[in-house]
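Trainee: Residues per chain are reported as follows:
There are 2 protein chains.
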Amino acid sequence: MKQDLNNLTQGILFTDMYQLTMAQLYFKAGLHEQRAHFDHFFRHYPDYGSHQAGYCISAGLEWLLDWMEEAHFDDETLHYLAQEKDPKGNKVFQDDFLDYLRREGNFKKITVKAVAEGRVVHPQVPLTMVEGPLAMAQILETPLLNIINFQTLIATKSSRIRHSCGSRLLMEFGLRRAHGMGGNQGARAALIGGCDYTSNVGLSYALGLPPKGTHSHAMVQTWMAMGKTELEAFQAYAELYPDNCLLLVDTIDSLNSGVPNAIKVFKDLQAKGYRPIGVRIDSGDLAYLSVQVAKMLDEAGFPNTCIVLSNDLDEITIAQIDEQIRDEATRFNMDPEKIIKRLTYGVGTRLITSDGQSALGGVYKLVALERDGKWVPAMKFSNSISKMINPAHKTAWRIYDERGLATADLIGLADEHPEENEELVLHHPIEKDVYRVLPKAKISRIENILETVWQDGRRTRPAPSLEEMRANRQRDLASLDPGVLRMRNPHIYHVSLTDKLLKTKLDLIDKFRKGLNS
Amino acid sequence: MKQDLNNLTQGILFTDMYQLTMAQLYFKAGLHEQRAHFDHFFRHYPDYGSHQAGYCISAGLEWLLDWMEEAHFDDETLHYLAQEKDPKGNKVFQDDFLDYLRREGNFKKITVKAVAEGRVVHPQVPLTMVEGPLAMAQILETPLLNIINFQTLIATKSSRIRHSCGSRLLMEFGLRRAHGMGGNQGARAALIGGCDYTSNVGLSYALGLPPKGTHSHAMVQTWMAMGKTELEAFQAYAELYPDNCLLLVDTIDSLNSGVPNAIKVFKDLQAKGYRPIGVRIDSGDLAYLSVQVAKMLDEAGFPNTCIVLSNDLDEITIAQIDEQIRDEATRFNMDPEKIIKRLTYGVGTRLITSDGQSALGGVYKLVALERDGKWVPAMKFSNSISKMINPAHKTAWRIYDERGLATADLIGLADEHPEENEELVLHHPIEKDVYRVLPKAKISRIENILETVWQDGRRTRPAPSLEEMRANRQRDLASLDPGVLRMRNPHIYHVSLTDKLLKTKLDLIDKFRKGLNS
Chain A
283 MKQDLNNLTQ GILFTDMYQL TMAQLYFKAG LHEQRAHFDH FFRHYPDYGS
333 HQAGYCISAG LEWLLDWMEE AHFDDETLHY LAQEKDPKGN KVFQDDFLDY
383 LRREGNFKKI TVKAVAEGRV VHPQVPLTMV EGPLAMAQIL ETPLLNIINF
433 QTLIATKSSR IRHSCGSRLL MEFGLRRAHG MGGNQGARAA LIGGCDYTSN
483 VGLSYALGLP PKGTHSHAMV QTWMAMGKTE LEAFQAYAEL YPDNCLLLVD
533 TIDSLNSGVP NAIKVFKDLQ AKGYRPIGVR IDSGDLAYLS VQVAKMLDEA
583 GFPNTCIVLS NDLDEITIAQ IDEQIRDEAT RFNMDPEKII KRLTYGVGTR
633 LITSDGQSAL GGVYKLVALE RDGKWVPAMK FSNSISKMIN PAHKTAWRIY
683 DERGLATADL IGLADEHPEE NEELVLHHPI EKDVYRVLPK AKISRIENIL
733 ETVWQDGRRT RPAPSLEEMR ANRQRDLASL DPGVLRMRNP HIYHVSLTDK
783 LLKTKLDLID KFRKGLNS
Chain X
283 MKQDLNNLTQ GILFTDMYQL TMAQLYFKAG LHEQRAHFDH FFRHYPDYGS
333 HQAGYCISAG LEWLLDWMEE AHFDDETLHY LAQEKDPKGN KVFQDDFLDY
383 LRREGNFKKI TVKAVAEGRV VHPQVPLTMV EGPLAMAQIL ETPLLNIINF
433 QTLIATKSSR IRHSCGSRLL MEFGLRRAHG MGGNQGARAA LIGGCDYTSN
483 VGLSYALGLP PKGTHSHAMV QTWMAMGKTE LEAFQAYAEL YPDNCLLLVD
533 TIDSLNSGVP NAIKVFKDLQ AKGYRPIGVR IDSGDLAYLS VQVAKMLDEA
583 GFPNTCIVLS NDLDEITIAQ IDEQIRDEAT RFNMDPEKII KRLTYGVGTR
633 LITSDGQSAL GGVYKLVALE RDGKWVPAMK FSNSISKMIN PAHKTAWRIY
683 DERGLATADL IGLADEHPEE NEELVLHHPI EKDVYRVLPK AKISRIENIL
733 ETVWQDGRRT RPAPSLEEMR ANRQRDLASL DPGVLRMRNP HIYHVSLTDK
783 LLKTKLDLID KFRKGLNS
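Going down the list, the sequences are from chains A and X. Positions 283 to 800 (the numbering used here) are the ones given, in order, by the first sequence. Positions 283 to 800 (the numbering used here) are the ones given, in order, by the second sequence.
Since the hints were derived computationally from the structure, they do not count as laboratory data. Each statement offered as a hint is correct.
Remember, identical chains collapse to one label, so a pair may be satisfied in a single copy or spanning two.
List time: in silico DSS-like cross-link candidates among lysine-lysine, alpha-carbon distance up to 27 Å:
hint, residue 1, residue 2
1, Lys785, Lys656
2, Lys373, Lys549
3, Lys669, Lys793
4, Lys367, Lys549
Turn these sequences into a full structure, and let the hints guide you.
Mentor: Right, dumping it as structure tokens:
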């Protein structure tokens, strides 16, 4: 796709056709400026098959707000819409509607409330709430879901991998296996979720980070095809990058060729006063090789060089490598903890595609419409009660217990004030008689987690830095019960409804059932 | 991300850091203009867990060529590279290298040979071969892999879903669950692979197709929240789109509300001389509901309206829905084949993310370097012989048997002429003594499947149309043994090496093993 098509394919028409045909219907019915409230939420944590997430990390919001600042119906996009024909050859989009889009086809009258990027989020609780004229709030559905669903998916995966890595260096290496240009959004989300750096050059510069990398097999192959050796390739690399010498040792054979050659080069570097960085292993049994390579590096006098591991890693493999090293190292008279500490990770495919669960099923549902200055709840029914939405103009709070840990998220009506109650009743989202009562004394804090981030066509505050988003994540993870962080079968965090919201919901269901049977 | 960062994040720096540091090393070693040959291939067909692909559909090439036409090192990108510092604060990229990139940092000296988009491709066989100056061929690795791996993955999934759909209408609806901006590339690949249309508006216009869609639950909810009914919502929709009236019937209850209301609207439309299109079902047991809905529509006098199904569909679910309808329809006195024929599919998440196998592990390997006007094979060794590459400057042919069916792909040296042989010896890629002999009489055609598509900084021919790519796919699928098309445990298509290539490979392995043991 040529760059001159970017406005067409990445701007306001980065949406589904039905958003536009519905918007025209609202316009024709005089409902297009009716204030609407849409909730964006997901129904389930990612389930990767053999392991499951117990929390998600919100990401993508600021990317969406950047998009909203620029996306609008301009001459070019309107020109395309004006040419769209129905099966009989009549214009699909009529002139009065296109004129409206030309005047009002932007996000200036939209208000976005959202959970900040990097924060922990849970199912059913809105990550994003959009209020504004029905037509433009409708058109926003697809880009909002696209941008926030995917980045939240990847930030969550990245956070899990970070959890397995502890404080060790973690790099995102997945651009070659990413879903096209989504590789940029994925790398950003990976950085929010826990990766220290990415190999993606353009994205790094856009975020003000240095891009990271080592070298590839092709470099060693080149020297060999030119009649030279792996050692000579390493020497050339070390000469050019003496302060950043990290050598990929598995082009030929890690233990019999790569590491011995790397050690020779490291000795030369050391003699010249440089500090070699380490080696990278990209194939084979990474745990076994780590032990052997660490032993060789130690014996050669380089106990402080790092060992970078890559090749289909994820949160489970990394944890298993540590485990295997703990089992195996002592057999080779090595201290496993010392080996584990020097490991560094380059994670590619399984992070950037969220292997095992490649989509977050976030949805965007109309929950209220303003009529005569009052919010009227809107319901989406279903044959399955668990799939019914939580209707009404509302918000959400996080409840912290007396230890300061997050004990539940509470969804309620926007005009409720749970902090004024003597006790909190936390209702199960669908089962009327299942609830928990929290006396005030057991509550250390009640926090509204949705802040207004967009109003009057712009952000309400400057975009937070990557560091702030990462700090959000660290703070929120620290306030979770450790059971929620488990890699498999995590403890289920409570998401509850207030009394009033549950009543609103059940009343609507009741009314609907009576209507259906009458 | 703001659009003014597009050049930075989507242009020449849409690559991995190590490509640039290696390119600088080649430059410093005087190897940057050395002609190199890289092969791009994948090692395995997608395995979706409970089902597996027996072929892939090549896609992404023309997107890559568009990118290559524009991507180059300009002032902005060079400015960023010039500021990059190593851990000691020294410049990573030196001025002479940056000057070289300013002059030669484009793809004018690169030649690309490739399998045309839409064609069937198999493991080990190069989809793309890149020849040209080592430095720029190296930098091309990441964008090439990113663009072609992902689109091939999605075109393959789409082709499988098309196979389950037969000739029924198939629409791509996945933008909201796609991996960010990769949704555009995924939609394009889905169209090449077998989808008729996509809901993605901008991408449709860029490709010259009409975007497609129905309406969402929000429309019906809006009418209800305004104190009106589902019927009134449908009526408003039908009034605006009388020639394109396709109604989503499951906002409340498909059988008890949605379909009866749709039928009322269809009768009104019919009375006014319009032909209603059909209904869409987005939840519940889609097979059971299809039967019931078809029955209701038939009884109401609308046997020719379609039934659009959506909700987590893929090739397996679609086949199972057909199967269930065949089992169940007669119990309701319905002809299953008539029901099946009127079904139409909207496929989202599972297509656009290639659910179950979210990456194609395509790799880009140096296989030869030119020295003194001759191509010298380059090898990448491995502890596992199956992971060793096929070295040397080469090409690939497709061999058609006497029935005109493709019987094998044959990889050989570029200067071989298999069509001149009295018989063809097809060697197993790694096992020396496993081979098949095909006498000339059993061969109807030998086709070189890699054509030169890029030379001297431009395409060698105009970009093919979407229709041409789709015709490629249909032609190639028709020439496959039906067993290869099976959804589960497909028959394995033969990929073979010529005598000369196998010898070249085994000689290199031998030489290397001797070198290692000496």
